[in-house]
Amino acid sequence: MNSPTSHFVPPRRMGVYDPIHQISMWEENFRSNVSLSASTLLIDDAEIKFDNQSEYASHGIPGTSKQYDQEANRLADKIQRRLAQNREAARKSRLRKKAYVQQLESCRVKLMQLEQEVDHAKQQGLHIGGTGLGSNSLGFAASLNSGIANFEMEYGRWLEERNRHTLALRNALSSHMGDVELGELVDGTMNHYFKLFGMKSAAAKADAFYVMSGMWKSSAERFFFWIGGFRPSEILKILVPRIETMTEQQRSDISNLGKSCQQAEDALSQGMDKLQQMVSESVAAGQLEEQTNTPNMSTAMERLAALVSFVNQADHLRQETLLQMSRILTKRQAARWLLALGEYFQRLQALSSFWANRPSKPAECLIP
Amino acid sequence: MVHDMVSENAVIVFGRRGCCMSHVVKRLLLGLGVNPAVYEVEEKDEEGVARELEAIGGGGDNNKVQFPAVFIGGKLFGGLDRIMATHISGELVPILKQAGALWL
Chain A
340 MNSPTSHFVP PRRMGVYDPI HQISMWEENF RSNVSLSAST LLIDDAEIKF DNQSEYASHG
400 IPGTSKQYDQ EANRLADKIQ RRLAQNREAA RKSRLRKKAY VQQLESCRVK LMQLEQEVDH
460 AKQQGLHIGG TGLGSNSLGF AASLNSGIAN FEMEYGRWLE ERNRHTLALR NALSSHMGDV
520 ELGELVDGTM NHYFKLFGMK SAAAKADAFY VMSGMWKSSA ERFFFWIGGF RPSEILKILV
580 PRIETMTEQQ RSDISNLGKS CQQAEDALSQ GMDKLQQMVS ESVAAGQLEE QTNTPNMSTA
640 MERLAALVSF VNQADHLRQE TLLQMSRILT KRQAARWLLA LGEYFQRLQA LSSFWANRPS
700 KPAECLIP
Chain B
13 MVHDMVSENA VIVFGRRGCC MSHVVKRLLL GLGVNPAVYE VEEKDEEGVA RELEAIGGGG
73 DNNKVQFPAV FIGGKLFGGL DRIMATHISG ELVPILKQAG ALWL
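Taken in sequence, the protein lines are chains A and B. According to my numbering, the stretch in the first sequence is residues 340 to 707, in order. According to my numbering, the stretch in the second sequence is residues 13 to 116, in order.
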């Protein structure tokens, strides 16, 4: 094929005069410059190629320079159109990207606002997501200690399960479920409480102070707190009257159980008092004007290690109390008793919510 | 010496000096009207005393002695766990009476 004349001017680049070679170079240019989807580009390329081939095929060897010019112009137009389309597509793509980024930014701001609101609500002791976890150091404690973070997550799930058990007990009692099935439900509910004691034991090893603080419970529950949980004798006092129709023997047994709980609680409380005394003594030992005395701290630390034992013993007491109740009561009575227990804790959590949402005092309205 | 203490006392509590859990056991027994003998073990003597007590306890898997350890009627009864559990179940007081630690 003869080389074309100088009429044939490529839109962008001066280079080799071979038209087919020129076009393939321009195609490469398209590929590198344009951000269109590859499929469209390939189709375009194919069209161009096809056009090239068909034009040259039908006309054979490029004939007169005029014919050649016409074809070159048509090709140039096509290329121009293609470039314009690509520019447009790129522009639209940039606009879409900008819109997306703006959306992300506003979502981020909203998320930060929501997080602040949640923190504030936690400080008020509100329920978050129905887990009943209300404490202002919830996130803080969790971030410091993976054992505690783990416990908090598990406790949320435990609460949901406890609520399911309570509902199941209520339904079972109102539907007059058979004793065997009811017995299974009762055992399941009891085992669920025992599971919590195991969780608390692990959490106490991670941070006994945390378990003792009750920060993982709602504020009203914390009000009644005793060594990391509920006080067994109190629970008996409040809830046993809810169990109707007990035999004299049962009443007597439960009365004895209450006394035993009280005695065990007193012994543990006195042990706690002794521990406090010992820790404060070791912290205050030596001249108080001196700088932090490391030997005393290690003594205090050693003594504080006993805190884990106290949490465990208190939970052990709770567990034994629940077990003894299950021995004294029939399955049906036990179901009623456990329903009352679950309902009572749910109401304490609700109380915490109401308290947190109570209307503000008049004085606060005066502040501009 | 340890052997004598166990056989001479209806109830005796062996605990580490200054241990709060020993204190809990003592307070609980006192609250029941029992006057337990108390032997405070020094840290350096712990292992030795534990082994002696295990020998007295009289065989069995549950013979491992942990402090605080309670002996009732000359036999190893257990630790705070067992004391708590048997007290709640109502079994402890009869056992104490039988050993002559309680009169009521």
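Among these hints, one or two may not hold up.
[To be verified] Heads up, simulated DSBU-like pairs for lysine-lysine below, C-alpha to C-alpha not over 30 Å straight-line: (1) Lys417/A - Lys436/A; (2) Lys56/B - Lys109/B; (3) Lys670/A - Lys56/B; (4) Lys544/A - Lys56/B; (5) Lys437/A - Lys534/A; (6) Lys598/A - Lys109/B; (7) Lys613/A - Lys56/B; (8) Lys613/A - Lys109/B.
Hint data in this document are derived by calculation from the structure and do not stem from the laboratory.
Straight-line Cα separation of Lys56/B and Lys109/B no greater than 30 Å? violated (34 Å)
Would the hint linking Lys437/A and Lys534/A be met if the CA-CA limit is 30 Å? violated (52 Å)
Would you check the hint for Lys613/A and Lys56/B, treating anything up to 30 Å between C-alpha atoms as holding? At roughly 23 Å apart (the allowed maximum being 30 Å), Lys56/B and Lys613/A satisfy the hint.
Taken at face value, is the distance from the CA of Lys56/B to the CA of Lys670/A at most 30 Å? violated (51 Å)
Going straight from one Cα to the other, do Lys613/A and Lys109/B come out at no more than 30 Å? holds (29 Å)
Pairwise hint evaluation, Lys109/B against Lys598/A, where the allowed Cα distance is 30 Å at most: holds (18 Å)
Within 30 Å, alpha carbon to alpha carbon, are Lys544/A and Lys56/B? Roughly 26 Å between the alpha carbons, so the hint for Lys544/A and Lys56/B holds.
Lys417/A paired with Lys436/A [C-alpha distance capped at 30 Å]: holds (28 Å)
Hints 2, 3, 5 from the list above are not met by this structure, while the remaining hints are.
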